[in-house]
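Protein chains: 4
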Amino acid sequence: MTEKQKIRVAVLGASGYTGGETLRLAVRHESMELLALTADRHAGESIEEVFPNLAGYKLPPLTKIDDVNFSQLDAVFCCLPHGATQEVVKALPESLRVIDLSADFRIRDPEVYAKWYGHQHYAPELQCNVAYGLTEYNRGELKKNRITACPGCYPTSALLPLLPIVSAGQIIVNDIIIDSKSGVSGAGRAATQAMLFSEVGEGLHAYNIGIHRHGPEIDQELSIAAKESVVANFTPHLVPMNRGILSTIYVRLAEGVGAEDLRKTLVRRYEDEPFVQVVGPGKSPATRHVRGSNKCLIGVFADRLPHRAILLCAIDNLVKGSSGQAIQNFNLVFGLPEVLALEQAPIFP
Amino acid sequence: MTEKQKIRVAVLGASGYTGGETLRLAVRHESMELLALTADRHAGESIEEVFPNLAGYKLPPLTKIDDVNFSQLDAVFCCLPHGATQEVVKALPESLRVIDLSADFRIRDPEVYAKWYGHQHYAPELQCNVAYGLTEYNRGELKKNRITACPGCYPTSALLPLLPIVSAGQIIVNDIIIDSKSGVSGAGRAATQAMLFSEVGEGLHAYNIGIHRHGPEIDQELSIAAKESVVANFTPHLVPMNRGILSTIYVRLAEGVGAEDLRKTLVRRYEDEPFVQVVGPGKSPATRHVRGSNKCLIGVFADRLPHRAILLCAIDNLVKGSSGQAIQNFNLVFGLPEVLALEQAPIFP
Amino acid sequence: MTEKQKIRVAVLGASGYTGGETLRLAVRHESMELLALTADRHAGESIEEVFPNLAGYKLPPLTKIDDVNFSQLDAVFCCLPHGATQEVVKALPESLRVIDLSADFRIRDPEVYAKWYGHQHYAPELQCNVAYGLTEYNRGELKKNRITACPGCYPTSALLPLLPIVSAGQIIVNDIIIDSKSGVSGAGRAATQAMLFSEVGEGLHAYNIGIHRHGPEIDQELSIAAKESVVANFTPHLVPMNRGILSTIYVRLAEGVGAEDLRKTLVRRYEDEPFVQVVGPGKSPATRHVRGSNKCLIGVFADRLPHRAILLCAIDNLVKGSSGQAIQNFNLVFGLPEVLALEQAPIFP
Amino acid sequence: MTEKQKIRVAVLGASGYTGGETLRLAVRHESMELLALTADRHAGESIEEVFPNLAGYKLPPLTKIDDVNFSQLDAVFCCLPHGATQEVVKALPESLRVIDLSADFRIRDPEVYAKWYGHQHYAPELQCNVAYGLTEYNRGELKKNRITACPGCYPTSALLPLLPIVSAGQIIVNDIIIDSKSGVSGAGRAATQAMLFSEVGEGLHAYNIGIHRHGPEIDQELSIAAKESVVANFTPHLVPMNRGILSTIYVRLAEGVGAEDLRKTLVRRYEDEPFVQVVGPGKSPATRHVRGSNKCLIGVFADRLPHRAILLCAIDNLVKGSSGQAIQNFNLVFGLPEVLALEQAPIFP
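Protein chains in written order, with the working numbering: chain A, 1455 to 1803; chain F, 1455 to 1803; chain L, 1455 to 1803; chain Z, 1455 to 1803.
In isolation and in its complexed conformation, chain A is listed as follows (with noise of 0.2 angstroms):
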């Protein structure tokens, strides 16, 4: 493939992390070609000023927004910060793909996304033209819409496990408990005194119970599985750790369902899917053994509880949570293989 045959990319927003992880993954794509990074406060600065690990790669110098010159790309990676998307969105010319990092286009009932975030949708005529990015349940649409809401790094490690027992009609979906637990790197680059070294390290804690709006873009997708309206239980909590996503889910079975029917339906799910693996029996998953890559491993036990079960599922919540799967994403919608640039092992230790 040629330098002209390759697919011509901005990434907006590149000083995040979910930018910057996007642009790890990126420099070793064989098939795109970086042609615009914005970055506003940044305008100006090389990208090896916002993250020294990507000295060397020689990419574009970082710009505001305005100064992009769209029309010389395919596609965008909006790596912006909730909220500020959908204005720049509406703004791009309309043969541009858009890869949306944010939440700005995941909720599809205007109401509940007003409610949860706040304010009224600045762009919902553009709503009609999005699917939802969770890749391995979606592909149709992701190639028909322009633009792909990536899902939330914490609904991604809820739905992997629960989708296909769902739809399966396995467990009682209205008793559904997700206790997620996070690394830091989940809330963001900006500057909060929570966040600080000193407020997290050697400590732990659970936030947003109840109202963290991962919970209603879970509810979302787990009811159209369902078929039904669905709430479930979602409890964040962070841990002292730079990386990773643990769910532990508590499920109770549908009559006559065991934990090992879970186990069949999702190891049949996954089979033929290169970044989800079930893992064995009595194995429990461990974000430090998908770290750095865009695995998914999903577990599964019997609870002591009788007609329950427990799920578990880790993921890296900066790749497969988020810029692995906006990856992986583009390359379903530009037809090409889906684990370009997505097929180095996780690291480890």
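Because the hints were derived from the structure by calculation, they are not lab data.
Nothing here was measured: the structure is a model prediction, and the numbers come from that model.
Be aware that one or more of the hints could be misleading.
Said to hold, decoys possible - Just the calculated beta-carbon pair ranges, DEER-fashion:
(1) P1515/L <-> G1498/A: 34 to 40 angstroms
(2) G1789/A <-> D1726/Z: 33 to 39 angstroms
(3) T1646/A <-> G1510/Z: 34 to 40 angstroms
(4) I1626/L <-> G1537/Z: 38 to 44 angstroms
(5) I1626/L <-> P1578/Z: 52 to 58 angstroms
(6) P1547/Z <-> E1541/F: 52 to 58 angstroms
(7) G1510/Z <-> S1621/F: 48 to 54 angstroms
As the list claims (entries may be wrong) - Calculated lysine-lysine pairs in the BS3-like style (CA-CA distance at most 27 angstroms, straight line):
(8) K1737/L <-> K1681/L
(9) K1518/Z <-> K1737/A
(10) K1512/F <-> K1737/L
(11) K1718/A <-> K1737/A
Using N, Cα and C, we set each Cβ at its ideal position, and we do this for glycine too.
Guided by the hints, dock chains F, L and Z onto chain A, whose structure is given.
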């Protein structure tokens, strides 16, 4: 109080974490005299060889258990590995009070013990003189019985929030889910590959799912409170921090009960307790806010799922979860103020 | 001692780490009465809003500095940011003793101050009533002077091992290399991107090489001891831990001096000091063995390079490096036993 | 390149960290075919039993060394513990290229080896066919000699910044101080109490002061560059992170030389090297910016002490400090592009 009047104690198993933590607290105890420390494999060494943080406190040298003159003692803290304590205690003079930090006397039913610990109890005849050392729930029995079986760290974090509401009949007892997260010191000081820094750092996983020995211990105490046989889910996770346990507990409310009712019950139950605090509405207990102290913080939240609530409990696994509670029990047993040597504020950051 | 006889104090700047640490220690101080806590941006809040670990100690609410009734006080601890203290102290009643934890009065030479801190001193007239608060070296001056300028954390870790051997003429003073490593709490509690957990975790770097403001502070005190002008290398590093400083100091020995001579000088100098310990030959001081305590551990090693030696010094940056030494100075100034409120053992693990 | 043309290799000692890291990189190597993995104590297990992060790569099962059919191989990576390699290599067919990651062939002088490693070399006759595998300095010798002795992690971080300026005569060679800080994975995967998470977390110390075996290795290579016998100070420290080494090196400048001259020498020396980068003036290399990659970052600073300068060098101890450099050497030895399998960007955060 003169030297003479002090309670004379030995710490058996002083080279492990619970032993060292007992000493850290004991060196500031105004009514305790440390006369002997044992650590068979380190006999002849000074305590600072194994715990340099304890240098300078003029502690006795480490000896073998066999070399302790038990006749001069009033009490022993047993910080020996599980399984080793029964035979040791059997051989002690009956005049000695025993504060046992191991699991050896926690399980009341010898069949349950044998099933979960893999062997018949070596000293079943002693079990009739044992009280379960969850201090806040057993003061009368603790004073009366010779052996105090201090609770496991996880059970402490599960029982303190659950017992009052189970006793009050406010939750459905056969639908309790206890998702616990612990720092690594809970795994003890034995050299194992799985607990190396490089194995545990920057990662997270669940372990011993459905088979952790603290499960039946929790069940036992919940059953007593519920006056019926209770089995609870208990799922422990390992978090990359030294100290701290956070248990997130998902409960189904009894008919007509709301989360606020749980809160009221807990506030009332603990308002006069020196170490257990119910944090305010909307506050989330964090392990970092109890670090190094005997405090237990409990939070209560309504769940988004109807008829359900979420309890959170944070303790320092080595203090309220082990050595601190042991000293609290010691104080109680010997008629001292319960807070002696346990009054220092949590250390943050 | 009755309430009346207690020393009545305020902590100015109680919402930062040095303020919070001063409170953590002060709540256990039997001769100190905390009458006022200030934190301008948190005025009206309780201390547990900013330091949940301090819940339950019946501390006064946070106020603005302007709302403190200074006439009822005997002393203030100033835990304000560098640069803010001079004007505040200028406005205080002269009857108040001032224990200042900031850098504002540490530098004796106003030109050096202006050069390194970027502005003329705002209260040079007060400087004549200041003593440098390295307790072990200045007891007489500290008692006599109204303002105690507590040393920086890094200087404390460099000066305690160096001053005795510099005074004794045992090393070449213009060839001192101080390689210091600090936990992150030393950077304070202000929200900055560079100190986010995700930026600092799992990594290590040197910073402010050759330009850190603790450099001239170290030089100043070494010069006094050496009776000649000394410039020392000082290179600070940031380590992914909350607390602790380790300084590794490389020195060239004077003619005829060996590493063992340095050890002898240090042992002799500190044998009667309650907080400074010289560890045995071959032992390496570790920050984890002083955590949470006012201890300072010093080690001495011969270098493989002839005529050189290596000194190691471990302190807790927030205790002996800041709030603990402040309280030690407070005790000294008010004629109390120096160890009051500072006797708790280091917390490990 | 067809399967046939790939270089056929075995990894001996695949269950330790250097073995696992070699595999992590090797599974993405387009010209390497992994035919055998050994781990005597895990013989019969799959690699994912010991490295779950390597699940799914269709690697051969773990076997005993004795069960490897060496005749079908072109090369072996020896990731065995120090001391075990010499006898193993002695028994290998002479046709095999050996890339040794242990210390067994690094020391050229058998007397120095015996002194520092505690026994006579078991295969001194092989030493004449060894090249020291600091790739950038030994390409000719590496191609010619059968055995590549990959450097220690610390020596790599010390030699890359020092060798050019020593060769250029720009520093005084008998006054070099190397203060190194390493993540814990450098200590290997053997179960030892000292490397438990709870022992190492939240703390810092120096170890093996003056007696670390990487000292004579550094001396050896500096001496060759200096054309005189050099002894350098080398003081290693253990930092609570998984990966990374930062060496802070204090040097005395030769007459008429300034820090900028060192920078120029280093920039010129490394401008065509793919993995070694000299960071810009005022920039401080951080281990987090090389994590997971084969990069080496070097910084140069003037010292406040006259006639002195400070060098900083950051590498990932498991990549450029071990397995990455091993693969770089493998590539070189077999005439492949040096960067094969080593091109992925560092992972941050």
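How the hints compare with the structure:
1. P1515/L <-> G1498/A: 34 to 40 angstroms: violated (47 angstroms)
2. G1789/A <-> D1726/Z: 33 to 39 angstroms: holds (38 angstroms)
3. T1646/A <-> G1510/Z: 34 to 40 angstroms: 37 angstroms Cβ-Cβ, so the 34 to 40 angstroms window holds.
4. I1626/L <-> G1537/Z: 38 to 44 angstroms: holds (41 angstroms)
5. I1626/L <-> P1578/Z: 52 to 58 angstroms: The hinted range 52 to 58 angstroms is violated for I1626/L and P1578/Z, with Cβ atoms some 43 angstroms apart.
6. P1547/Z <-> E1541/F: 52 to 58 angstroms: Given a distance of about 56 angstroms, which is inside 52 to 58 angstroms, the answer is holds.
7. G1510/Z <-> S1621/F: 48 to 54 angstroms: holds (50 angstroms)
8. K1737/L <-> K1681/L: violated (32 angstroms)
9. K1518/Z <-> K1737/A: holds (25 angstroms)
10. K1512/F <-> K1737/L: This hinted pair holds, its Cα atoms lying about 19 angstroms apart.
11. K1718/A <-> K1737/A: holds (15 angstroms)
Checked against the numbered hints listed earlier, the structure breaks hints 1, 5, 8; every other hint is satisfied.
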